Structures are given as C-alpha cells and as structure tokens.
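Residue numbers (the working numbering), protein chains in the order written: chain L, 14 to 288; chain S, 14 to 288; chain Z, 14 to 288.
In case anyone wonders, no lab produced these hints; they're calculated from the structure. Nothing false has been slipped in among the hints.
One copy or two, either will do: identical chains are not told apart, so a pair holds if it fits within one copy or between any two.
Here are the computed lysine-lysine pairs in the DSBU-like style, where the Cα-Cα straight-line distance is at most 35 angstroms:
id: 1; residue 1: K241; residue 2: K269
id: 2; residue 1: K183; residue 2: K270
id: 3; residue 1: K80; residue 2: K270
id: 4; residue 1: K49; residue 2: K80
id: 5; residue 1: K217; residue 2: K241
What you are looking at is a predicted structure, and each value in this text was computed from that prediction instead of being measured.
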Amino acid sequence: MPHPTDSRPIVLLTDFGHIDAFVGILKGVILSIHPKARMVDLCHEVAPQDIGHGAHLLDISLEYFPKGSIFCAVVDPGVGSSRRAVLVETTDYFLVGPDNGVLWPAAGRNRIRRIIHLTRSRYFLPQVSTTFHGRDIFGPVAAHLSAGIDPGAFGPQVSCLTPFAFPEPKPIAGGMILTVRHIDTFGNIGLNLTREQFRQFADKGFCMRVNQVDITGHYHSYAAAPEKIPFVMTDSAGFMEIAVKNGDAASRLHVKKNDPVVLTARGEKNDDGGL
Amino acid sequence: MPHPTDSRPIVLLTDFGHIDAFVGILKGVILSIHPKARMVDLCHEVAPQDIGHGAHLLDISLEYFPKGSIFCAVVDPGVGSSRRAVLVETTDYFLVGPDNGVLWPAAGRNRIRRIIHLTRSRYFLPQVSTTFHGRDIFGPVAAHLSAGIDPGAFGPQVSCLTPFAFPEPKPIAGGMILTVRHIDTFGNIGLNLTREQFRQFADKGFCMRVNQVDITGHYHSYAAAPEKIPFVMTDSAGFMEIAVKNGDAASRLHVKKNDPVVLTARGEKNDDGGL
Amino acid sequence: MPHPTDSRPIVLLTDFGHIDAFVGILKGVILSIHPKARMVDLCHEVAPQDIGHGAHLLDISLEYFPKGSIFCAVVDPGVGSSRRAVLVETTDYFLVGPDNGVLWPAAGRNRIRRIIHLTRSRYFLPQVSTTFHGRDIFGPVAAHLSAGIDPGAFGPQVSCLTPFAFPEPKPIAGGMILTVRHIDTFGNIGLNLTREQFRQFADKGFCMRVNQVDITGHYHSYAAAPEKIPFVMTDSAGFMEIAVKNGDAASRLHVKKNDPVVLTARGEKNDDGGL
Numbered sequence: 014m015p016h017p018t019d020s021r022p023i024v025l026l027t028d029f030g031h032i033d034a035f036v037g038i039l040k041g042v043i044l045s046i047h048p049k050a051r052m053v054d055l056c057h058e059v060a061p062q063d064i065g066h067g068a069h070l071l072d073i074s075l076e077y078f079p080k081g082s083i084f085c086a087v088v089d090p091g092v093g094s095s096r097r098a099v100l101v102e103t104t105d106y107f108l109v110g111p112d113n114g115v116l117w118p119a120a121g122r123n124r125i126r127r128i129i130h131l132t133r134s135r136y137f138l139p140q141v142s143t144t145f146h147g148r149d150i151f152g153p154v155a156a157h158l159s160a161g162i163d164p165g166a167f168g169p170q171v172s173c174l175t176p177f178a179f180p181e182p183k184p185i186a187g188g189m190i191l192t193v194r195h196i197d198t199f200g201n202i203g204l205n206l207t208r209e210q211f212r213q214f215a216d217k218g219f220c221m222r223v224n225q226v227d228i229t230g231h232y233h234s235y236a237a238a239p240e241k242i243p244f245v246m247t248d249s250a251g252f253m254e255i256a257v258k259n260g261d262a263a264s265r266l267h268v269k270k271n272d273p274v275v276l277t278a279r280g281e282k283n284d285d286g287g288l
Numbered sequence: 014m015p016h017p018t019d020s021r022p023i024v025l026l027t028d029f030g031h032i033d034a035f036v037g038i039l040k041g042v043i044l045s046i047h048p049k050a051r052m053v054d055l056c057h058e059v060a061p062q063d064i065g066h067g068a069h070l071l072d073i074s075l076e077y078f079p080k081g082s083i084f085c086a087v088v089d090p091g092v093g094s095s096r097r098a099v100l101v102e103t104t105d106y107f108l109v110g111p112d113n114g115v116l117w118p119a120a121g122r123n124r125i126r127r128i129i130h131l132t133r134s135r136y137f138l139p140q141v142s143t144t145f146h147g148r149d150i151f152g153p154v155a156a157h158l159s160a161g162i163d164p165g166a167f168g169p170q171v172s173c174l175t176p177f178a179f180p181e182p183k184p185i186a187g188g189m190i191l192t193v194r195h196i197d198t199f200g201n202i203g204l205n206l207t208r209e210q211f212r213q214f215a216d217k218g219f220c221m222r223v224n225q226v227d228i229t230g231h232y233h234s235y236a237a238a239p240e241k242i243p244f245v246m247t248d249s250a251g252f253m254e255i256a257v258k259n260g261d262a263a264s265r266l267h268v269k270k271n272d273p274v275v276l277t278a279r280g281e282k283n284d285d286g287g288l
Numbered sequence: 014m015p016h017p018t019d020s021r022p023i024v025l026l027t028d029f030g031h032i033d034a035f036v037g038i039l040k041g042v043i044l045s046i047h048p049k050a051r052m053v054d055l056c057h058e059v060a061p062q063d064i065g066h067g068a069h070l071l072d073i074s075l076e077y078f079p080k081g082s083i084f085c086a087v088v089d090p091g092v093g094s095s096r097r098a099v100l101v102e103t104t105d106y107f108l109v110g111p112d113n114g115v116l117w118p119a120a121g122r123n124r125i126r127r128i129i130h131l132t133r134s135r136y137f138l139p140q141v142s143t144t145f146h147g148r149d150i151f152g153p154v155a156a157h158l159s160a161g162i163d164p165g166a167f168g169p170q171v172s173c174l175t176p177f178a179f180p181e182p183k184p185i186a187g188g189m190i191l192t193v194r195h196i197d198t199f200g201n202i203g204l205n206l207t208r209e210q211f212r213q214f215a216d217k218g219f220c221m222r223v224n225q226v227d228i229t230g231h232y233h234s235y236a237a238a239p240e241k242i243p244f245v246m247t248d249s250a251g252f253m254e255i256a257v258k259n260g261d262a263a264s265r266l267h268v269k270k271n272d273p274v275v276l277t278a279r280g281e282k283n284d285d286g287g288l
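Just chain L, same shape as in the assembly:
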C-alpha cells in the first residue's frame, strides 16, 4: 500500500444510533489504541440490524473517501454467533466488519487483495463481549491498522466473503416491479433501479405506479420539476428516486421502505422538462 498510514482515516458506519454512548465508546477505544487516529462518521443511523441498508450506504460512499481509508462497518445482528470477523484489503481501501454481507458490495468495487479472518486476540480488547464487537474487535483492529500494523498480522487469510444481493427489479410483462429501498431525510423515495436500468423506459415513455398514484414526470433536477407533482429523477448515487419539489414524497404518497412500485413502458415519451 503506497499510502502513508497518516492519511488513513477510519470511517465509521454503524446502526448504533445517537441516543446511546455506543459510538462514543467505539471512538474512545480507537483513540486509546491510536491516539492520533483520524475518525470520520459515515452514518450511524443504519436501520437496526439491516445489513442491506448498511451495505448500500457503504457501497455508494466508498469512492468519495481518500485511497487508503479504513472503513469500520458494524451492522452485526449475528454478534456472538459463529459469523466471522474479517478485514478485506482491496486495491484502494480496507474494510473491517462482520462477514455477513455488509462489506460485500463495497468490496466488489475494487479488486480484492486479501481477506483476513480476524482471530489474533492480542489486537482485540482484553475482554471480548458477546454483544459489542464494534468496541471489542472491529474498532481495535481498525485502530491498529491505522497505526500501521500489517493486515496479515490480524489472522489467517481466507478465500471468500459472504455475498449480499440487493433485491433486483422483477421483470413483468411490459415492465418491472421495483422495491422502495429507502426513504431519505427529505422524503425522497429511493428505488432499486439504476439510471442504466431506467434508460430504456425513459427513452420510450414510462409510468410508475405507487399506491394507486401514476407518476410520469421525469426531470433532471428538483428545480426543473413543477411544484407538488411527484416525479422521477436520478439521485446523487445514480439510482432512480421519486421526489416532490420542495416537498416530502414519501409522506405525500404514503410510501414506506420495501413497498412495491410498478414500472411499465408507455410507448410515448414523457414530460421531462426537455431532459
């Protein structure tokens, strides 16, 4: 790895939330091991134990961080079970976390160099609990790694990583059934559909039906859309979303995570504000 360890921030992604001291304790442990560690919060409001949510946030965020960054991703419903703790070294990044799928999509963005099974307890806290491996294992390993310990020191190399598959759009006659992947802070409705997957529909005209509402507008920015009418656009990560200009689409359409959305071709180009 050509990057000096000084430029390796530890990027934290968890479902620990903000009402407890879990995130603070994790940081205390890291600083106790590596007092000069630089830590950055990616997100701590992953839906509790929702591996897919964590995997998605890690996946879309990874490449905005400096090469050499150490991601410590703790969404860990299997803590205390036999699921493995791993460190994945890719061409550009390090990923530390439970081997339950949360690291999979992000790991696939680069070439994987090696996967280390974290077994060397000298790099853990002296007491390892059955409930908080962020504090006891993942944080300490990330801290030692940021301090310059070689990945190979943390345990034996293993050959595979637990995969995670995001739900794909389901083909139906003349279209597909999508799933609401998440609702963001602004009430925008994130879909499991990439810009590329949407292109054929955008080109030929489409209708998106959600909760008995038909959406046919397609704009390239919130600003270009008319007020109050739900429309489709590309979000900042390259996925399609349903939005309402200066409004909250999810509240307006009574949509929640995992709801289905039916996308069909219309054979007639949509109003798109001259996209």
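Could you slot chains S and Z onto chain L? The hints should help.
This is chains S and Z only, laid out in the frame that chain L set:
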C-alpha cells in the same frame, strides 16, 4: 488574511440529517482533497430546505468560531437551478454555499471583502450532479480553500449577495405580533424578538399571549423561575424565548414553528424574580 | 499527570441534541481557545435535563477513553442557579461540568485527586449567560485544560462533590423490584441490575415479569436466543437487559423508561442455551 491555513477549520451546516450518508460523503470528499482538513459539525438538522432556519443558525454561531474558519452552509432547495454558488470572504471568515440567502445574515456580521461566484470547475468534483452540490461543489471548494487556495481562484468577483430577511415583529396597537422562529431540543419556544426589542415591554410590564395562554413571568434563568408556569427569558443567542422550568414549553402550550404570539404592554411591571 | 497534553482529547457529553447549533457552538468555542484541541462526541442525546442518564453514560464509557482524557459533561438543569461548576481530577481523567451529580459515578471509578470549584472568570467567555454554561464556562475550561493550564488555576480546591445514587433494586419476598433504566437504539430494555446482582437468580432459576409477561430465557448472546421470545442477557456494560433477537423488546413488551420489572427466584434452573 493573516491566519495560517492550518488554523482554518471547515464548519459544516446542512439540512442533510443523520439517517443518510450525505454528511459522511461530504466529509470524504473534503478529506480526499485536503487530507489534513479539520472539520467541525455545526448542525445537520436544519429543517429540510428551510433557508431561514439555516441562516439563523449560521448567524448566531459564527462568532464563536476561530477567525479564519470556513463555513460550508448547504441548505439548497434550488440545487440544479441557476442560483449561484458563492464564496463570501469577510473580515474574519469565509462562507461557502448557495447564494439563496442562507449566507446573508452571517455575512453581514463582518465587513464583506469580496464575493466570488464559484465557476472554476477544476475545483469541483469531475462530475457535478444536479442534486448534491454539497458533495460536488461546496465541499470541494471549502477543502481547496482550507488547503490554501486563494479565494480569487474560484471564479470572478461579483458585487452582490442574495439577501434574506427574517420575519420582523409586526406592530399593532399597544404591542406587536411575534412569530415562533423555532422550537429547540428542550421545547423552548424561540421568538423573532431580540432582547433589545423586548426591553421596553420588560420595563413597563407586558403580556404574551400564545394559544389562549397569557404569559407574564419574566426571569433571567430557568433556575430562578417557578415550576410549571411558562415564562419569558432571553436565550443564549440574545433572542426572547418562552420556557417552562424543567419542562417542555412547546408541548405544554401546543405551540409549533411559525405560530403567532401576541405581545402587549400592560403598564404594570411583571413578576420577574427581582431581575 | 504524566500524559502530554497533546494526547488529551476533550470528550463531550450533553443533552443538547442535534437539531440545534448548541453542540457546534460549544466546539467553536473550544477551537477558538485551543485550535489544536481534539474533540470526541460521547453522546448528545442524553434525555433533556436527566442527570441520571448522563451520569450513567459517563460512568459506563469513561474507562474506554485514553488516560488523561478531559470529559466535558453538560446536563445542567440548574444552570443559572447557585449550583457549582467544577473540575474533578482523578488518577486517570479530568471531569468538567456542573456539580449536580452527573460527574459523581464516573469520579468514583478512580481515586479523586482534587476537586476545583471553577471561579476564575478569566478562563470563561467574557460574557457568561445564565442559560448556556457549556459554551460560557465548561467548554472554555476544558479547552484551556487541554492546552496545558494547570487544574489549580481554575479556582479554589473544594472538599466534596454532589453525589448521585442510581435507583437500586428493591428487595421483596423471594426477589426484587427492578426499574427500567433506559431503552437503547435497538429497543433493548436496560435494567438497574448488575451481572453480579443477577447471578444468584441465574444460578437458581428466575422469572422476570414485565407488563404481565413472564420472561425466563437467559442467553449469553442475541445469536444464541430463539427468535421472537423475550429473554434476559448481560449488556455490553455489565448490566442485565431484556432483549428480543432481531427485534425490538421495548415495543413488543410496551415497556418504557422507569417502568417496574419484578424479578423472582423459581428454584428451577432456566432454559439458558447451555450458558
């Protein structure tokens, strides 16, 4: 600017919330450009797209930060439209954000040296989206600025900034109609009335009526007030607020943001705990 | 204190929440005094003015931070009253905050070296408000301390600290009545019962009754427990909690903070997954 760039923290104010990775990605982008950047979170829970809320928080916070600080304020309902992206250099600070009013009150606290229209795309991310200029423009510019790039490098100087006017108290016979500016974490009800504007009422006796409740107590601290009875005091930023000792005034009075409050003179000095 | 001041992070614990700029302003003040200060957020979602909650979080977190850390704990319902502002120097840490009990349990974890009454206003902000001593007193003192000022400079030594007693389990015939101390992000129900206090019940068989539901399962990890059935386990801080595997125990059992839980001995060992 006499301050060495090392002492210039980047202070982040957004409406991105904490449930998504937006803030984390913004920080990743900044660190990718300037690995030694120091970042401080001012607040990320500005009400979605509420320029006034963001402008107020920036305005009351500015002077508590070190001279030379770079404020990156992203409350940006017009993202993707033709609204300008700007950098304002004042005597003491740098303000980076959309030119939609959010920077206006804070910019007015110092003498403005120059306003730069951010046009030099070499300082942006290579791909600029239509939805996330915090990541693509404002974060990168703040990072380059913190790394020592001269403000003039980011684009041409322009002569004016979009103003923002907070709603002023409306005079009525014998008093004024106020507006609830915001409800804080503790349920304190923030009013659009400064200590100075309130002084004449405090001196001569006043009544504040909100949701059919008359408030006449005026104390200089929560501790000095009686339990359970709503009273008026000065908040930590110099504005008047309605509070309940050890309680939540907004819940108790069923008050929400933008509600009206009628302030009238009574001609009789209020109970004020010997203020 | 043998630790160089450079390795002294300032650890922030408050009830300021995230919707306001209070935490950001506190950090701005600290950086204005000590531009190289390292700050870590322990938690800012202490329940408003809940000294016991703050005291508990500080108590269980303290020892995960580096020796020499400066804890700035601001849960301060008595701000503006005559309650003292103090700095406690223990063998390993510094604690700065109001002398209302919030520092007590944490201070008792080490030997107390000295307690300083914060009176030297040259180390405060020039204007001290009656509502925000985090900004005006505690933050500034923590910043000066992290910059190397000797604790004795902040005021005279005093001999005692305001104590705080967590509610203890109440003995009844054949058992005890517990109290729900808090509900965490995952919905786990935290009890005022330590692992040690629980041991005799675990050994001989027990029943925990909460809201008419009897809980008899006892597991050493979420992973070892069966789905959907509430069970008892030890949390990451050494206290007993009621949990539901991959679920939200508090919602399922309709339990909230301060609810009673009755623990009785059964005289028959429980299902415990071979603990």
